[in-house]
Structure formats: structure tokens, C-alpha cells
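Residue numbers (this note's numbering), protein chains in the order written: chain A, 28 to 486; chain B, 2 to 439.
Think of the hints as simulated: they come from the structure by calculation, not from any bench. There could be a bad hint or two in this list.
[Unchecked claim] Each computed DSSO-like pair below joins lysine-lysine, with the alpha-carbon atoms no more than 27 Å apart:
#  : chain 1 : residue 1 : chain 2 : residue 2
1  : B       : 434       : A       : 296
2  : A       : 293       : B       : 317
3  : A       : 480       : B       : 149
4  : B       : 317       : A       : 480
5  : B       : 33        : A       : 369
6  : A       : 293       : B       : 434
7  : A       : 293       : B       : 33
8  : B       : 252       : A       : 296
9  : B       : 252       : A       : 385
10 : A       : 293       : B       : 53
11 : B       : 317       : A       : 296
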Amino acid sequence: MTTSAVFVISVIIALIAFTNVRQRALISVEGDPSHLHSLPRHYGYYAATCVFLPALFVFLAWLIFGKNVVEGLIISGLPEDFFNQHQQQAQLLMNRIRLVVENGPATETSSEIIEAANQFHTLYTKGIWATFILSVAVGCAGWYYALTRTKPSFRARNIFEQYLSIALIISSVIAIMATLGIVLSLLFESVRFFQEVPITDFLLGTKWSPQTAIRADQVASSGAFGALPLFAGTILITVLAMLVAGPIGLFSAIYLTQYASVRTRKIAKPTLEILAGIPTVVYGFFAALTISPLFREIGEVFGFDIASESALVAGFVMGIMIIPFVSSLSDDAITAVPNSLKEGSMALGATPSETITKVILPAALPGITGAFLLAVSRAIGETMIVVMAAGMQPNLTANPFEAVTTVTVQIVATLTGDQEFDSTKTLSAFALGLTLFVMTMLLNVVALRIVRKYREVYE
Amino acid sequence: MSDDLNIKPTDWQSPEMVRHTQMRNRRERRFKLFGLSAVVLAASFLFLLLGKITLDAAPGFLQTSIEVDITFDKAIIGDPRQMDRDAFIENVRRTNMFRLVQASMDTYFPEVTDRRDRRRLLRLFSAGARDQLRNMLLADPMVAGTSKRVSLLASDDIDQVIKGHIDISLPELQRKVKNKELSWLQKLEEDNRVSLHFHSLFFTSGDSRDPELAGIWGAAVGSALTLFVTLIIAFPIGVLSAIYLEEFAPKNRFTDFIEININNLAAVPSIVFGLLGLAVFLGTMGLPRSAPLVGGMTLALMTLPTIIIASRASIKAVPPSIRDAAMGLGASPMQVVFHHVLPLAFPGILTGTIIGMAQALGETAPLLMIGMVAFIVDIPASLTDAATALPVQIYLWADSPERAFVEKTSAAILVLLTFLIVMNALAIWLRQKFERDW
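Please model the entire structure based on the sequences and the hints provided.
As C-alpha cells, this is what we get:
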């Protein structure tokens, strides 16, 4: 008996209840639906909801709390002296028990643990059976309830629609829950991090080396978690990316809106947008394998020493990636400028380029600024390109030929591979994530506000 | 008084004005050229990227094989006629099949007698050659005792030599394949025993440390399971909340707040969703690491805003007259939405969903956070099995030191891009097919 079987069975009972109650409703009026308040299928829908919802609650309750309850029972059931001996590592103890449950007792030495694992297994199986029986019971109760209410005068549709509207509201609340979840989880872990590393050290410290601080004898606040080099690296790469994407994106938008024929525009615009659809891991591979050696060779010709993982390569390739963001958002801003402005300028004898630089661009400036800010936010949060092309070495430099590391690279570096969930090193990733979230959020809010405000002018 | 002012502004024929106009026209042409070159530049980046990856990928679909005359010696593998079937299978499983290859090589290269050299001869073949021979025997035990010409997978280094990726003009010490091996290979080639052919294993096997055995099927199944979870979570929730916000929600602070939230959520960096998945799904809920279930849940939260925004736009595009007509015939608000508005808005909703799924398919960073970056050989069979996904597989292979993984990575990228292009083309086709002016 697995957890998902419980779910499948409640769905099946709900389906049976649907047909049964629908049939019952028809029988109650001797097969003439015009005597029913609602359509026969509404009675069925109502019954299915009555069965499925309570069963779903039981199922979810087991999914969310089941494991914790069982674990709590197991921990409290361990022999007292054994538990006291390991009290500090209740989590570790549980992990060992889990390992035995999953892989068998072959590698475990402590007999208490094996005993507990066996108990865990029985309890867990019992739990699933209890969930199963309980959900079938509440399902059948719901079914019976729906049957007793199935009378010709019963307003099945209205009640079912009420349930439906609750489902609609719950769905939209989930979107907020996601944001709330992000903020809370980042905040919660970050607070634990800042209890060990002062926030000023984190924001202003110039030395980032989380590896050394994982040892117990190391004082975490010794400056190993100074994130300044990461911020510097992120900003350097973002600036480089914008230097590539800004002009190319803006000029493409100008050309495609002002000069290109309808046919050229129809082909060129989607072509550029393919760039935005390519997975970033592909850009990362392209950067590391093609652009990096190419830049190194070009650098050698001109006597520059370009590191194989350099800010320049990462920034350049990221710039290519965000060209379509800049161009299509600027495109929108430029097309939103009323034609009368353009025609007025042309009528006074200005050339198209003069019209563009002196009339259209100033009018579209807020929209273009918004586009650039969104692109910047995109560049700051981008992960795979920098992970594969920028390097791991924290480096406080403005030299684009050197390797730098960024906030996102360090999040990946600290969280991939084996790690304890509670170490300062792991927690630091959440602090970085919080910073990243706040930075991009601010940029987005400002950008969206600018774009919206600007739209109002011409409406 | 300067000369300029003596000319009337309308005197277009004057040399100064002609010069001035020429300058303005030149500036105009230059500006236009800038615009054109920006477009051309961006497009050429795209073609450079796609072209380079396609070129690199092409050999990744091919694989070198070496034909060898194998004598299935009963003394080595056992005799199926005299043994119990299970005992024979057990024996075949336990026997090192390279002993058969060794015997064959001893007769083919009688001049190689040195023990080290004889072992090096075996290294021409992939470790997978063992499984090839074993599977042959298990499929048909009656080949025992016979001789047969068998095409065996070559090792990745030999494969690279055949494909011309290893520069054999370099001094011997600087390359992985030594002169002796090259001379053996030459003899095999002269006898027409070396061939390049389509490598179906690449599409059917899971990951491997050996490039010639590594395939994308495991990652493809992982991606499919992950996307399945993403779809069944994000699609209903996305469409239902779009319906609520567009059709039923009162205009107040609360719904404004939801709206701003959804717009912001669409622009949150993907790695932050990975952190959320790590903290909430793995940390708090204790769901299994590396599982498509968790990957799908994480990606669903990421895709949700895309689906909501697209669905709202296409619900909004359904004209009010349709709602009024349905309402006038006595439909309840729910029936108006579910019987009339939703079917009409559905093509647009579907388009948005496909685009959202395509984004989710290409996403790597959140999956790294929840541990889908592990080395996994098995093909995942359920939502809670450890799995990897296509983009993550690409990331893993891109990190591998073997030269042969470059073409495998490119080939995997090509497969991923094909899926993405098909999905996007489908979305465009749907949009064009159902686009209508009301």
C-alpha cells in the first residue's frame, strides 16, 4: 500500500458516487429531469465533491504531518539512555534510522537503531493503512450524506458552484503563498545566518571563503563571509552584459520599428526572440567552449592576458542572451509613441534619424529605461552562464579579463554536493538568496512602475 | 555679420545648404546602418551558436565499432546443453567476457605477446563490449561453441581518433592514444573492420562515466516526469486563479495585491525558486531529494505566473457580448465562464501553458538546488526516484574532462533544442490557427 494508492482510491470512490447520485436524482423524478432543480449531473458533481474533499483532507494531513508524527513517536520510543547519549544529534539519529529503512540494516552497527527502524517501518505502514481506512470512511460518509440530500428540490448546482468559487479563490491565494513562501523561507534561514555572522560583516566584508568557516574551531565572524567581492563580480558582469545588450538591443528595436519593411520585421523579430528561448545552460556551454578560447586568442594578439574563466566572457554571452529582452521591450515602448509626434517632426523636414533621436527616443525614454532595468534584473539573477563561465574565485576587481564570482555562482557552489543543512556555510546561501531576491525585486518594482506610469501619458 | 546669415533659409541650391543636406543624409544613412548591423549582429550570434553546436553535435550521434571474430568458447562461458539454464545464466553473468575478446585478439595479432600490450589491446574496446557479448549470449545461448563476427563498441579514445578529434601528428607523449595502439588500429582499418555508424545507445541508455556508453534516455524520462508534475500542478491552479481574478474578483486592495504579486513572481530569478524548494519541500516537508516530484513542484511555482498572465489575457479577449448573451439565456455566472468563456479562451491559455512548459524544460538552476544534479545511471521509474533532467545532464557532461563528452553534450543540447523548437512551434501554430477578431 503506497501513499498514492490512497489518493487513487478516493478518486475512484468519488467517480462511483458521481454516477450513483446522478442516477438516484433521475430515479427520484422518474427519469424526467425537468422536475429537478438542477441538471442531473450537478447532483453527481455535488456528490463527487462530498466524497473527494474530506478524503483529500485526510490524504493531505497524512502527507504533511504523517512523517513528523511517526518520527516523533520513534524518537520518544528510543531507550532513554541511548537517546540521552545522542541527544545533541536527534536529526542525525533520524537520518540513520531512515537509511536503514531505505537500504536495509547491512551498514548499521547499533542494534537500537535497527530496532527503531523496524518499528518505524511498522508504524509507517500502519499509518498508511489508517489513512486509507479513514479516507474511505469519510468518503463513504460524504457519499451517504449526498444521497440523503438528493431530492428534486435540492439546489445542487448552487451549492456545487459555491464550492467551485472557493476553489477559484484558493488557487489565486496559492500564488501569494509562493511569494510568501519565498520571503519566509529566505528570511527564516537568513536570520539564523545573521545570528552567527553580523549583517554588516556580510554586506561590507571583503573576504569570502565559506570553505574555511565550516570547521568548528573557526570563528565564523572572522570575515570569511564578506559578500562584497560577490556583489562586485555580479555588478561587473551585469555592466558588461548591458554594454553588449543595451546598444544592440536598442538599435535592433529602432531598426525593426522604424526602418524595416513589414516582411523583414516579421522574420527578424521572432528570430531574435529565439535567443531568449535558448536554455541558459546552452549559453554557458557555448561560453566555456567557444567564446572563452576565442577571446583568449584575440587577447593574445593584442597582448592582453585573458583568464580562461573571465568576467568578460560571461558578461558577453549574457549580453547576447538578454538582447531580445531589451529589444522587444524597447520595441513596445517605441511603438507606443503616438504617430502624430513622428509625423509632426517629419513634416518639419527632419530626417528619420533626427526624428528618432530627438522626438521618438525622448518620448519613449521611460519605457526604454524600464526595459533596461528589467534586463539588469535578469542579468543579476542569471545563474548557469556565470556558473559555467565566470569562475569560483572571489575577486574584488574591476578588470574584466580576470575571473570573478557572483552571488548566484556562490549559491550554487555552497548548495551542491553534500552538506549539512544547518551549517553556517549552507545558511550563507540563503542570505545570498535573500539579497538577490531583494535586489531584483526592487529593480522589477521600479521598472514596472516606470513602464506603467509612462503608459498613462498617452492613453 | 557672418556669411551664413546672408543666405535665405529656403535657398536649397546654395553650396552651404547642399553640403548641409548631404551631411544630414550621410548621418541618416549611418544611423540606419547602425540599426541594420545591430539586427545582423544579433542574428549572427544566434547562427554562430546554433551552427557551432550542430557541427559539434553531429559526430555525437555516431559511434565507432570494431568487428572481431569471436569464438564463444565453451570452456570459458560454459555449455548450455550440459548445464541447467539458470546455472548457465549465472555463469555468463559472472564470466569476464573480455576473455573471449582476448582470445580473438591473440589470434588476430599473434605478434603481440607482451602481457602489458595484450591488455592494452583490450583497451581498444569499450567496457560496454562486455555487456554486448553477455546480452548476445543471454538472448541466444545456442551461440555457445560457435564462431561469429561481432561488431563491438570501440573505446572513447579510439572513437575520437577515428572521428579525427585527436591530433595524431602530436608527439606521442602528448596524446592519450599511443603509437602502438594506432598501428593496431591501422591494421584493423585496412581489413575494413572499423566502422562508424548511428549510435542508438545514445538515445536508449542512462548516464555513464564512459562517454561511448552515456545516453540521454534517463535524463529525458526525468525531464518528462518533472514536466508532468509541473503541468498537473501549474495548469489547473493557473487557469482557476486567472478565472477568479478576471471574472469574479472584486476590485479591491486584496486583489490588487495578488496582481502585483503575480507580476513580481514572474520576474524572480529562477535560482530563488530553487532555494524555496530546498527550504520548504526538502527541509520542512522532508520530501526526497533529487526526485522529479520536488523538481516538478519547484518548477510549477515558477511557471504559475506565466500561465496566469497568459490565461488572463486570453480570458480578457473574449468579448462581453458573449457573456451577456449566455447570462440572458439564464446561465449562472459559473456556467457562463465554464461553458462559454473558457472554451473560447482555451487556445490562448494552451499557448501560454506550452510556452511556460518550454521555459520549465530548459531550466537548470532550481533543479541544481534540490539535488537533481546527482550522477544517476538508472532510468527513473516513479516520481520519487532519484532522477536528473535534460538541461542538468548537459551541465554535468559539460563539466566532464573526456574529450568525447563535448560531442555528447552538443548532441544532448541539440535534442533539447529540438524539443523546445517543437513546443514553441506548436504554440505559434495554435495561436495562428485560433486567432480571431471579434
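For each hint, the structure was consulted:
For the hint pairing residue 434 of chain B with residue 296 of chain A, the CA-to-CA distance comes to about 20 Å; that is within 27 Å, so the pair holds. In summary, the hint linking residue 293 of chain A to residue 317 of chain B is supported, as the alpha carbons are separated by about 26 Å, within the 27 Å threshold. For the given pair, residue 480 of chain A sits about 78 Å from residue 149 of chain B by alpha-carbon distance, which is inconsistent with the 27 Å threshold. Restraint check for residue 317 of chain B and residue 480 of chain A: satisfied, since their Cα atoms lie roughly 22 Å apart, inside the 27 Å limit.
Distance check on the hinted pair: residue 33 of chain B and residue 369 of chain A sit about 17 Å apart at the alpha-carbon level, within 27 Å; holds. Restraint check: the Cα-Cα separation between residue 293 of chain A and residue 434 of chain B comes to about 17 Å, which is no more than 27 Å; the hinted pair holds. This hinted pair checks out: residue 293 of chain A and residue 33 of chain B have alpha carbons roughly 18 Å apart, not beyond 27 Å. Restraint check for residue 252 of chain B and residue 296 of chain A: not satisfied, since their Cα atoms lie roughly 36 Å apart, outside the 27 Å limit.
Using a Cα cut-off of 27 Å, the hinted pair residue 252 of chain B and residue 385 of chain A is violated, with the two alpha carbons roughly 40 Å apart. Note on residue 293 of chain A and residue 53 of chain B: the hinted pairing holds, with a Cα-Cα distance of about 26 Å set against a maximum of 27 Å. Between the alpha carbons of residue 317 of chain B and residue 296 of chain A the distance comes to roughly 25 Å, so the proposed pair stays at or under 27 Å and holds.
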